[in-house]
Amino acid sequence: MTALLEARGLCKEYGQVQALAGADFEVRAGEVVALIGDNGAGKSTLVRALSGSEPPDSGTIRFNGEPVEISSPTVAQALGIETVFQDLALAPHLDPVQNMFLGREMMRPGVLGRLGFMDVTRMRERSRRAFDDLGATVGDLGGPVGSMSGGQRQGIAVARAAAWASKVIFLDEPTAALGVVQTAHVLDLIRRVSAGGIGVVFISHSMPHVMEVSDRIQVMRRGRRVATFRTSETTMEELVGAMTGAFQQEQGQQQGEA
Amino acid sequence: MATTTGGGTNTVITDASRGQRLRRLQALQILVLLAVTMTVFGIARPDTFLTVFNIRGIVQNTSIYAVLGVGMTFVIITGGIDLSIGSVLVFSGVVAAKTMDAMGGQGWGTALAGAAVACCCGLGWGLFNGFMIAKAKVPALVVTLGTLSAALGFAQIITKGLDLRSAPQVLVSKVGFGNVVWQIPTLSVIAAVVVVVGIVLLHRTRFGLYTYAVGSNAEAGRRVGLDVDLHLIKVYALAGLLAGFAGILNLAFFQSTTIGGQSNTPLNVIAGVAIGGTSLFGGVGSVFGTVVGLFIPIVLQNGFVQTNVQPFWQQVVVGAVLIAVVYVDQKRRTAAQRGKSPRFSFLKGRTR
Ligand SMILES: Nc1ncnc2c1ncn2[C@@H]1O[C@H](COP(=O)(O)OP(=O)(O)OP(=O)(O)O)[C@@H](O)[C@H]1O
Ligand SMILES: [Mg+2]
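Line by line, the protein sequences give chains A and B.
Letter 46 of the first sequence, counting from 1, is numbered 771 in the numbering used here, and no numbers are missing.
Letter 184 of the second sequence, counting from 1, is numbered 185 in the numbering used here, and no numbers are missing.
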């Protein structure tokens, strides 16, 4: 089976820092790929590159085997790629419904819609269902997101991505601020979403969660992928070894390293 | 507030929005402040202050500021500022007066042409402001300080520094001093229409939603595909357009281009917007609050004159209130920051 979304040799520099140094990556339809690595390994940078929010300096991206240039978030959206960013990227003064539909508002039918009037009732209904699906405790549908707890905000961001994704969903540490119950909900959602044929990319520092939910695990270190494992065939020790550099799998690309 | 049961597995959602109630409370507070101020002056000068004639004057004097305030509210909600509105008003009035002079005639045709010219001038300055801010990334404070100076300079060059006093008869008698019915000034009805359109645009349309979103978290907007730059240009263009429109109203009311008389206008309008509950840090605000906030300097000015206090005190009070309001807003923001979950701020600290 060919990969749904595939990246080869992505590079991204921030001044002196090589955040991505020839990173490879792929996710297939309906699978859960965990992306792990130490702080600063380049996981979030890879996510931003593949979601169009900060395109890479070089490298190739293929979608369904076709080369694509994900130059902006709009391109990613059109491809069916959704992302929960590590910093969530919510507008704190807007309410959960407004955040859910920001940039994709449902307009009123007819002339009113063309004049810019939104169908607030319908958006509210849809959001309520999305939050219910996730079991997210949103609290106040009309209150500003900024006054909600970190966990509630994370729930909103996850629900938003899940509601819009049709091909690939990136979840950058989606459970970092969540309680036990909400975390279980997110892991459950990951399984459900992937069962629907969507490729899920799950970034987490929690090895038990990674082992529990993923089909494959890709390990990043210093801006590139250093190893890929089938979850059923690996151990915690092996993963930690790959993250810290004690274990190297992908030898082919080492010449660049000083 | 919602209560959550069942260990967080149920989604409990309340429709009555706490945030909106809070904001309505703020608008109410300013309304109370305004009422108290008016009561004090009313008690001090019962025979002159609360008369139809005087109230009509206050409303009329607030009208032009209200038109400017609508645009300024949008700009400030995006987290920006527009210092150029007073100069753009003057420039637009000057070009409109020149045009109407050249056309001759005292009728509606000339007046409407003048209004169109004034609006186009304002729109032009607004587009320039927006482009420099959004695309060239020059800070709004600097860009609009520059256009404040430049627009006034051009107005003085065109007029050689002398105010133009020619305005078509209908403009002065019908718009400037006329009443729609009874003691309701035409000028104020026009301003009220602008205000209502502004309220609907801000609170009911996608344009308004994007204005809040850009001021709240522009990066979040970008990541869901909003064209943040384009929206900023539109918002500054709107503010410019309204300043141009205010230019023709100003000409109708004063029968003069008031070249030297608008230096306090941006300050007063910004103060009105801030007093009205719009946060100078962006993301929060309302046009209704702005209108109430704008009444406060005008009422003070009027009341001080009537109570034989030197009217210059008005400027002192407005300045002090502006600082106080922003101080309170700042306190509220830092309190909200502290209230965040520590896990989340830790998360935030690690991000990029
Ligand atoms: N906007 C930026 N400006 C400068 N440097 C950056 C920026 N974004 C990322 N970096 C750098 O790139 C490297 C990779 O960062 P990235 O956020 O991708 O790591 P990560 O694997 O997501 O880490 P974490 O587990 O802490 O989230 C880091 O060294 C970081 O300092
Ligand atoms: Mg990260």
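Since the hints were derived computationally from the structure, they do not count as laboratory data.
Any given hint could be a false lead.
[Unchecked claim] Pulled a few chain B residues facing chain A out of the computed Cβ check, cut under 7 Å:
hint, residue
1, Thr206
2, Ala214
3, Arg224
4, Gly226
5, Leu227
6, Leu281
7, Gly284
8, Val285
9, Lys332
[To be verified] Ranges between beta-carbon positions, derived for each pair:
hint, chain 1, residue 1, chain 2, residue 2, range
10, B, Val194, A, Gly904, 24 to 32 Å
11, A, Pro792, B, Glu220, 22 to 30 Å
12, B, Leu146, A, Gly765, 36 to 44 Å
13, A, Arg787, B, Thr100, 30 to 38 Å
14, B, Leu146, A, Pro792, 22 to 30 Å
15, A, Leu840, B, Ile158, 34 to 42 Å
16, A, Gly740, B, Tyr328, 34 to 42 Å
17, B, Gly320, A, Gln741, 43 to 51 Å
Only a predicted model underlies this, so the values are computations on that prediction, with no experimental measurement involved.
Don't be surprised by glycine CBs; every beta carbon is placed ideally from N, CA and C.
Against the structure, the hints:
Given the 7 Å rule on beta carbons, the hint for threonine 206/B holds: about 4 Å separates it from the nearest Cβ of chain A. Satisfaction of the interface hint for alanine 214/B is found here, the shortest Cβ-Cβ separation to chain A being roughly 5 Å, below the 7 Å cut-off. Annotation: interface hint on arginine 224/B holds; nearest CB of chain A at approximately 5 Å, less than 7 Å. With a cut of 7 Å, the hint placing glycine 226/B at the interface with chain A holds, because the nearest CB-to-CB distance is about 4 Å.
The criterion of a C-beta within 7 Å of any C-beta in chain A is met by leucine 227/B, whose closest approach is roughly 5 Å, and the hint holds. The restraint placing leucine 281/B at the interface with chain A is violated, with a minimum CB-CB distance near 14 Å, outside the 7 Å limit. At about 4 Å, the closest approach between the beta carbon of glycine 284/B and any beta carbon in chain A falls short of 7 Å, and the interface hint on this residue holds. Evaluation of the valine 285/B hint against chain A yields a held restraint, the C-beta minimum of about 6 Å falling below 7 Å.
Given hint, lysine 332/B at the interface with chain A, is violated; its Cβ is 15 Å from that chain's nearest Cβ, farther than 7 Å. For valine 194/B and glycine 904/A, the Cβ-Cβ distance of about 51 Å falls outside the hinted range of 24 to 32 Å, so the restraint is violated. Take proline 792/A and glutamate 220/B: their Cβ atoms lie about 28 Å apart, and the range 22 to 30 Å holds. Our hint of 36 to 44 Å for leucine 146/B and glycine 765/A holds, since their Cβ atoms are close to 41 Å apart.
Evaluation of the 30 to 38 Å hint for arginine 787/A and threonine 100/B yields a failure: the beta carbon distance comes to about 59 Å. The beta-carbon spacing between leucine 146/B and proline 792/A, approximately 47 Å, falls outside the hinted interval of 22 to 30 Å. As the Cβ distance of leucine 840/A to isoleucine 158/B is approximately 40 Å, the hint placing it in 34 to 42 Å holds. As the Cβ distance of glycine 740/A to tyrosine 328/B is approximately 37 Å, the hint placing it in 34 to 42 Å holds.
For the pair glycine 320/B and glutamine 741/A, the beta carbons lie near 47 Å from each other, so the given range of 43 to 51 Å is met.
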